[in-house]
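Colleague: Sequence:
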Amino acid sequence: MAKARARHILVSSEETCKNLKTQIEGGADFAALAKEHSSCPSGKQGGDLGEFGPGQMVPEFDKVVFNDEVGKVHGPVKTQFGYHLLEVTSRT
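Once you know that position 66 of the sequence shown is 66 in full-length UniProt numbering, the rest is easy, because the numbers rise by one and skip nothing.
Treat the hints with caution; some may be incorrect.
Using 25 Å as the maximum straight-line C-alpha spacing, the simulated PhoX-like pairs for lysine-lysine come out as follows [to be verified]: (1) K72 to K3; (2) K78 to K63; (3) K35 to K18; (4) K72 to K44; (5) K72 to K21; (6) K78 to K3; (7) K44 to K21; (8) K44 to K3; (9) K21 to K78; (10) K78 to K44; (11) K78 to K35.
In case anyone wonders, no lab produced these hints; they're calculated from the structure.
Quick caveat, the model's predicted, so the values are computed rather than measured.
Can you build the whole structure from these sequences, using the hints too?
Modeller: Written out as structure tokens, the structure reads:
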């Protein structure tokens with residue numbers, strides 16, 4: 001079974017999400033921005049979600065985490081919780 005590790009930043013607006021992505025692409029630290037801006041409890045750990053398998057997260061997450069490029073920041077990804085920036089840190 002596939003497994004992945006990922007981290008994310010959850011915010012309430014698409015505009016904020018895009019702005020944070022621009023900052024990360026400009027060299028800002030993902031974990032530091034997650035600690036400062038993410039409304040998810042994982043923000044305290046730099047957005048780290050740990051290891052999980054398909055179906056353990058919302059479908060929008062699974063689509064990105066198990067199909068898109070590892071090591072790249074993806075998003076904004078809209079879910080029922082808000083807007084996410086996702087970084088897949090590993091996948092097996």
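Colleague: Does each hint fit the structure? Answer for all of them.
Modeller: Quick rundown of the hints versus the structure:
no.	hint	in the structure
1	K72 to K3	17 Å, holds
2	K78 to K63	12 Å, holds
3	K35 to K18	17 Å, holds
4	K72 to K44	21 Å, holds
5	K72 to K21	11 Å, holds
6	K78 to K3	22 Å, holds
7	K44 to K21	19 Å, holds
8	K44 to K3	23 Å, holds
9	K21 to K78	14 Å, holds
10	K78 to K44	21 Å, holds
11	K78 to K35	20 Å, holds
Hint compliance for this structure: every hint is met.
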